[in-house]
Amino acid sequence: MVKVSGRNTNEPMLDMFIFETSQLIEQLEQSILSSEKSSCYTPTAINEIFRIMHTIKGSSAMMIFNNISTLAHHIEDLFYFLREEKPNNIDCSTLSDLVLEGVDFIKIEMEKIKNGDEADGEVSQLIERIKGYLSILKRTNISTGPVKDPEKVDTKGQRYYISQDKAKTSIYANAFKAVIYFEEGCEMENIRAYTIIHNLKDITEQIFYMPEDIIDNDDSVEIIRREGFKVYIKTDYSYEEMHKFFMQAIFLKDLELIQLENVDELKQFSTVKEAVVQKNPIKVPSLHEPDKRKKEASDKEINSTSMHQSIISVSVPKLDKLMDLVGEMVIAEAMVIQNPDLKGLELDNFQKAARQLNKITSDIQDMVMSIRMVPLSTTFHKMHRIVRDMCKKLDKEVQLEIIGEETEVDKNIIEHISDPLMHLVRNAIDHGIESTEDREMRGKSPSGRITLEAKNAGSDVLIILKDDGKGLSREKILMKAREQGLLYRSEDDMSDKEVLNLILIPGFSTKDGISEFSGRGVGMDVVTRNIEAVGGSVSVDSILNNGTTITLKIPLTLAIIDGMNIRVGNSCYTLPTISIKESFRPKEGDIITDPDGNEMIMVRGQCYSILRLHEVYKIKNSSTSIFNGIIIMVEHDDKTLCIFADELLGQQQVVVKALPKYIQNFKKIKGLAGCTLLGDGSISLILDITGLINN
Amino acid sequence: MKKVLIIDDAAFMRMSIKMMLEKNGFEVVGEAEDGIEGVKKYKKLKPDIVTMDITMPTMTGLEALINIKEFDPQAKIVMVSAMGQENMVREAIMQGANTFIVKPFKEEHIVEILNKILAI
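Here the protein sequences line up with chains R and H, keeping their order. For the first sequence, counting from 1, position 344 maps to 1312 in this note's numbering; every step adds exactly one. For the second sequence, counting from 1, position 39 maps to 43 in this note's numbering; every step adds exactly one.
Just so you know, the hints here were simulated from the structure itself, not pulled from any lab data. Some clues are possibly wrong.
Unchecked claim - Computed footprint of chain H on chain R, listed as stretches where at least three residues anywhere in the stretch have a Cβ under 8 Å from a Cβ of chain H:
#1 980–986
#2 1021–1029
#3 1157–1165
#4 1210–1222
Unchecked claim - The list that follows gives simulated cross-link-like pairs (lysine-lysine, BS3-like), each with its CA atoms no further than 25 Å apart:
#5 K1350/R to K1360/R
#6 K47/H to K1212/R
#7 K80/H to K47/H
#8 K73/H to K1169/R
#9 K1221/R to K110/H
Backbone N, C-alpha and C fix where the C-beta goes; we use that ideal spot for every residue, glycine too.
Let's have the full structure, built from the sequences with the hints guiding it.
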C-alpha cells in the first residue's frame, strides 16, 4: 500500500506528490487566470485543466488524500463536460471563481500535508456547488443533447460472437460454462469482463455471456461483483486449455469452469439465457488467491539503476545543511591557510596547494549557491491572482505586467519576499490605483497599470513595483506623521525622499478607511522588516498623480559574503567589502569638528561624518588619535559614512552567522548584522552598514 | 530481471510505479512523460512490458499503444487508468492492450498483473 502504513516510509513519494501537485496547481491557476483575462476558456485551456485535474485526482487517490481526489474528480467532470459539449453560454467569471476556490482548497490541504498534518478539509459543500453548476450547464445546454462520450463506440454487434453459419456450430467439440469472480476493489469489472471476451475471440467465435450489456450498462459492474461474470463458449480447446486461459485473467479471484456434456444445450442460450445448465457438472475446481507464490519474489534489493533520470528533487533542509557545511569548510580553509603557526615561514609549495584549495572551495560555494537559486517567476505569477481578486472586490481595472521573472534568488530569500510583495501589490491596487471614473477624469487610461520587475544589480537583486496610480502626497504624509508623532526632524529639512520613506515607519498609514485588503497600518513596516531580515532594503519613490515606485533591494544570497576584517583595539570587526568605497589615512587639516562636537572629514571637497567604532562599542586599548588609525569610507543607498578603526587586517570570505538568540534577546545591539568565525578561530562581528549610517 | 518501461505524464505516478516495481524485482529501464517519448523509448529500450497512462499531453496513451503495437505486435502493455475512463480502457483493450489497472492501486496488484502478463 502506498501510504496508510505511515508517511515516513514513503517520504520520497510524499515529497514528489507535494512537489508535482504544487506545480500543477500553479500551472492550473495561471491557466484559469489567463483564460479569465481573455474572457473565454479556449479548448486548449479546458483540456489542460482537465488533464491537470485528472493527474491530481490519480496522484492524491494513490496517496489516499481522498478529499483532494474527490474534489479533483468533480472539477475534472466539469471540464470534461466543457470539453465535450462546448457549451457557449459559460459565465467565465463564475466558472473561474468556482475552480479557483477548488484550487485554494487544494492549496490549503497541501499546506497541511507539507506540515505533516492530516488533510482533513471539508469539501462536500464546494463539490455540491460544482455539481450544481454542472447540472445547470447541462440543463441549459439541453439542445445539444445529453452528454455523450466521444470514445463511446456503438458496441452493438460486438456483443455476440456467434457465427451465423449454423454448420460451423457443430465443428466445436466442447462446451464450457465459466463463472468468473474478480477481486474486490479491482474496479471496472465490466471492462475486465470485456477483456476476457476480447481475448476469447482468438479461441472461438461462439461466446455468450451474462450480464450481456457489460459496456453500456454501469449496473453490470454490480451484477458481476455480486453474481460473477458468466461465460458460455463452444470450442475445440480442452478443459485444461480453457482452464489455463481463464486463469490468466487479471484480478481473478475465483473461477468455476464446467464442461457441458451436451453441446447442443448451448444453442438455447440465445433464447433462454438465464436458467442454464446447472446439471452435469464434471469438474468444479475453484481457486483462491491465484499465484500467491509469485509475491514471494519480492523483497529483492532495490535496484536504483535510474539511467534516464536527469533531474532529481532534493529537500531544502538538505541543501541548507550543505550550505552550512560549505560555510564551515570556508572557515576551516581559512583556519588552515591563515594558521598562526605558519606565520613567517617560507612555504612555496604550501601556498600553491592552498591556492588550489581556495579555488576549489570557491567553486563549490558557487555551485551550492546556484543550486539554491530559484527564479522569481513563481512568486511573481502569484500576483496575478491577487490582482484578479482585488480588482473584482474593489471594482477596479488593473493590468499587471511582469518583467524579468527569470531572475534568480536564493530559495530562502524568496520565501521572505513573497509576503511583502503580496502586500505591496495589494497596497498598490487599494491605495494607488484610482477608480475607473477618477482615472478618466484625470485623463488616464481607464485601466490601471502595475509593473513588477526584477533585475540583477551586482550582488543584489532589485525588485521594482511600479504603479500609475495617484502617487503619494508629501503634505498628506507629513500631516499623518505629525498626527502620529512620527516626526523627529523639522519638516522643511526633509527631502522628498525622506518624507516618502516615512511610510515605512511602524504605525504609519495614510489610508483613512480600512479595507479588507490593506490599510490596517501594519503594512509597510512589516514589508520593511521582512526585507531587512534578509539583508535587503526598501525605498519609495513617487510622483503625485503619476504613480509610485517601490524598490526592494535584496542580496543574492545570505550566507557567505566578501568581508574586510578590521581591528579596533583587541576586537575584530568585519565590513562587507561591497559597501567599502575607499580607505585612507586622514591628514590633519581634513578633520572638522562642528559646534556639537561631531567630527567630520573633508574629502575632495565633500564633508562626511566620522564614526569612531571604539566609541560606539566602548573599546579600550585602541588608538584614539585619528591620525594613527585608518578611515574606511562606506556607502549604502547613496549615504556615506567614514568609519574610524585601528587597522585593516585583510579581506576574507566570511560565513554570516546570526548572533546567538540570548544576545539578541538580551539587548538589541545597533549596527551589527551578525558574527563570523575567523581563520584563527576568533570571532568577528559583522557590521551592518545600514544600521550604522542611520544611527 | 524483467525490463519495464513506464509511460506517464505525472512524475509522481512514475515514481510510485517505479518504487513498487523495483521493490519486487523488476528493472525499470526507462520512463517517458508523454506518448511520443514513450514510443521512442519503447523502440530503443525494447522492454518486456510497458505501463501506460491513458491521459497524457501531445500523444495519449491510446495513440502510443497503437504505435507500439504497430512496431511490435507482441508488445505487452498494461494501461493505467482512472475511474471514469471505461470507454478509453475498452478501446485500449480492443487495440491490443493486455490489461489495465485502475488508480489508486496497491503494490501487490500491479506486481501481480505484470507477473501474470509476463507469464503468458
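Could you check the structure against the hints above and give me the numbers of any it violates, in ascending order? 6
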